[in-house]
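Peer 1: Given next are the chains, with one letter for each unit.
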Amino acid sequence: MEAISKFIRMITFPELFKGMAVTAKYFFQRKVTEQYPDQKTILPYRTKGKLHVDIDKCISLCRFCEKVCPEGCIKVFPPPKELAKTDKRPVEFYINQEHCLHCGMCVDSCSTGAIHHSDEYELVVIDFKELLGDKETLPYDMIKKHYRWNYLENVPVKIKDSPLKEEEKSQ
Amino acid sequence: MDTLLNLWSTIESWMLAFPVVIYLVKIGILLGCVFAVVAYITLAERRLLGFYQSRLGPNRVGPLGLIQPVADGLKCFLKEDIVPLNSNPLLFRLAPVFAFFPPFAGFAVFTFALPWVMPNGRTYHYSVADVDLGVLFIMAISSLGIFGLILAGWSSGSKYPLFGSLRSASQMLAYEVPLTLSVISVVMMAGSFRLSDIVAAQQAYKFYFFIPCIIGFVVYFISSVAEMNRTPFDLPEGESEIIGFHTEYSGMRFAFFFVAEYANVVFISMLAPALFLGGYDIPFVNDLALYGAHPNIVSILGVCSYAAKSTIFALFVIWVRATFPRYRYDQLLKIGWLVLLPIALANLFVVAGIKLFLLK
Amino acid sequence: MNAEKPSYMREVLETREMELNMGPQHPATHGVYRAILTLDGERIMKLNSVVGYLHRGIEKWAEYRTYQQGVPIYDRLDYLGAVLNNHGIVGAVEKLLQLEVPRKAEYQRVICDELQRLASHLMWFATHALDIGAMSVLFYGVREREPIMDLFEAHFGQRLLPNAYPIGGCRLDFPKGWTEACRKFLKALKPRIDDYETLLTGNRMWRQRTIGVGVISKEDAIAYGLSGPTLRGSGVCFDVRRSIPYSAYPEFDFEIPLGTNGDVFDRYLCRMKEMRQSIRIIEQALDGMPEGDLKGKAPKIMRAPMGEVYFTVEAAKGQLGYYIVSDGTDKPYRLHIKSPSFINLQGLNRMSEGALIADMVAIIGSIDIVLGEVDR
Ligand code: SF4
Ligand code: SF4
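These protein sequence lines are chains D, B and H, in that order. To convert, note that position 166 of the first sequence is 166 in this note's numbering; the numbers rise steadily by one, no gaps. To convert, note that position 150 of the second sequence is 150 in this note's numbering; the numbers rise steadily by one, no gaps. To convert, note that position 329 of the third sequence is 329 in this note's numbering; the numbers rise steadily by one, no gaps.
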């Protein structure tokens, strides 16, 4: 009996047809493709995208972000001592986004929440100089870019103007 | 209407004066149709595979991606054509032509429907040359395609293509025999080598030959998949192992192989219905009786039914490709020689028995 | 060879061995791995592995970075199992500094680790099946991996290389709704894995391609120092999670699937079963998630005491070890990474004895190497 059923299984290929049933099942299921340039996914709130710096908030003398960065891609120039008493904002602030790992450790270490990730992730450029951010280009544009995740919860994160106001959009 | 008919009879008398014109016209129409089908079967396969794999497939060029084959062709045409230094340049250039030509030649002997009857009573056959050894011609022609692959692999002067062509040569040997034997069983049933006779026999018997030759049909299916070099028998071009006999080809020459492969798919999936599934016979209808009353409607419906049957066969082949892994070289040969060949031979005897004792 | 042939053949058919370069550019070597094969027909006589095409000097690089700074770089070792790499280095530094990790953080780590193991196994499953020719499975595997990446993105902010853990704990709690999403995904994944087993495990082509191919015996596997599913496929019960327990693993109930023959099929089955076990662990951890602190008490500037420490975790590919020698500064004096892929790759010689080229592809797939980890 055993032998007969084995023989029948051998010549009728039941397991192959089962496999074909599986692929047929997926044939009729919803497709998972995202039509990327036309249809963009909503990124989760915590996405670590391109870095932005709120120059007005930065106290520049701490330079934690510069020290902690494993790739050494941040360079902060604090103002001279006399000036620093009144205006702590950096004279110049460079981020080499080309080398950035988007690891988030600079954001982690900043005590004022000046440096933060945005949700800009399309970092493909023709000239890599476009990825070198300085004092002019680093501050986010409140209308275009959204203020994003900050590690320090006690620092108020401005999401008022953001179209993605509801937190944790992805879930 | 009358003027049209008059015009037609003028053209006809002209064509009868030079019969070669009829052939040329027929060849032109046939080649055009085959090229269109081949172009769109590539697209169909890519889209269907995409659907089986939970994705959409190419859908960017034109509506539903319908212009994709044109874009592909254009891309291949514009690519640089590279001839490797240590290749044999003449054979390297000839090989794609060798691979390209046979499947298209094979279409000549197909009959696609019952003849079309003109108002003036003259009939036109849906075939270029319905020769009386059509099946043999097809078998011979389809074996020729292997020369292209062997030459391509050998003349490339590179090791991976060489493996590809060696594999395809031995695969061809192993699967040609069971394929032919399973076809022979059909020929035995019909008693003729002519393709239209085989279909006519199925119409006369009122059952399709896949019923008595069911084993033969399975053998035919398996070995024709191997013949087409498709999964699970796509060893000559097993992309992840040896890249294939066309590793060194680029641009238009590669496109030749590509088109040849899909022409083969079309070819085999058009041969299978003719042999086993009743060809242009319309299922569940007595064609011959109807043909007497409305010949032209039946012949058009016949073409449709033939197309539908071949499409189903081709879709099944694509479905198989979407599902199965690939056999190994030695296993493939073992299946060919040790499993399929004895089964095909046994099938011959079974069919002979049926023919002798059951269908007197 | 010649002696076996009849005399008339010896004169006529003089065969020669042939050398074939497989890689570094080859679709089935999973990266820039190069195997120089000496072939007799399609049969492999000798295999010569060449590695190092992806060498980035990470171990040397680490000597110039502080302990925390290194963490995102070790992501790049096994880029398909980044979180597990993070756990290794973070655990090693915690052991060096004798830091206490909060229990909640340990639970979170277990969840993320197992998710990453699932992702890595799914990716292995996808590519392995593609190597053997089952094309659809590639897309199914990648499709299933996608929700895991999404979960990571929602939690860590990065999909592939998330820089998951800081030293001493975890950064943030799971975001709102994450746990439910995770549960939902696990529930959906279980029947999917059944589907894949229908596609492959029972399939006669798959079985013929994998059973009895690439066999490595128990003794050989131990002698070569293999680890992970590659070792367990040969029937050796060694899993770091059980044998050298770390993190919160002793608190969970899970099985360690074992093979018997040590062939490609057994390694495949091991990984498939391991995926189910991972799902079990995650569900237990989600259920038993404790309350409390997450961040732990890591000093901001970590001056490690002099000494050396070795810490291993069970990464997706096997036992991943970090060996740190500290000279008392905040940077390691020497850091050595025992990467499972590199060591498992040594077994390839033994496995591919007498195999065909097509088998070679299956075997490379079955030991699941990631070249980033092999070359470091
Ligand atoms: S994200 Fe990481 S690599 Fe990038 S600037 Fe910040 S610390 Fe440096
Ligand atoms: S960005 Fe933050 S960490 Fe960096 S210098 Fe400014 S305040 Fe300090």
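Heads up, a few of these hints could be off.
No farther apart than 20 Å at their CA atoms in a straight line, the calculated lysine to aspartate or glutamate pairs in the DMTMM-like style are these [unchecked claim]:
{"no.": "1", "chain 1": "H", "residue 1": "K184", "chain 2": "H", "residue 2": "D287"}
{"no.": "2", "chain 1": "D", "residue 1": "K25", "chain 2": "H", "residue 2": "E197"}
{"no.": "3", "chain 1": "D", "residue 1": "K25", "chain 2": "H", "residue 2": "D287"}
{"no.": "4", "chain 1": "D", "residue 1": "K31", "chain 2": "H", "residue 2": "D287"}
{"no.": "5", "chain 1": "D", "residue 1": "K25", "chain 2": "H", "residue 2": "D195"}
{"no.": "6", "chain 1": "D", "residue 1": "K31", "chain 2": "B", "residue 2": "E45"}
To give a feel for the contact side, a few chain H residues facing chain B, derived at Cβ under 10 Å [stated by the list, open to error]:
{"no.": "7", "residue": "E19"}
{"no.": "8", "residue": "A28"}
{"no.": "9", "residue": "L39"}
{"no.": "10", "residue": "K95"}
{"no.": "11", "residue": "L97"}
{"no.": "12", "residue": "I132"}
{"no.": "13", "residue": "S136"}
{"no.": "14", "residue": "F139"}
{"no.": "15", "residue": "M205"}
{"no.": "16", "residue": "R209"}
{"no.": "17", "residue": "A358"}
Read the hints as simulated data drawn from the structure, not as lab findings. Computed from a predicted model, the values in this text were never measured in an experiment. Backbone N, C-alpha and C define an ideal beta-carbon position, used for all residues, glycine too.
Peer 1: Could you tell me which of the numbered hints above are not met by this structure, giving the numbers in increasing order?
Peer 2: 3, 4, 10 and 11
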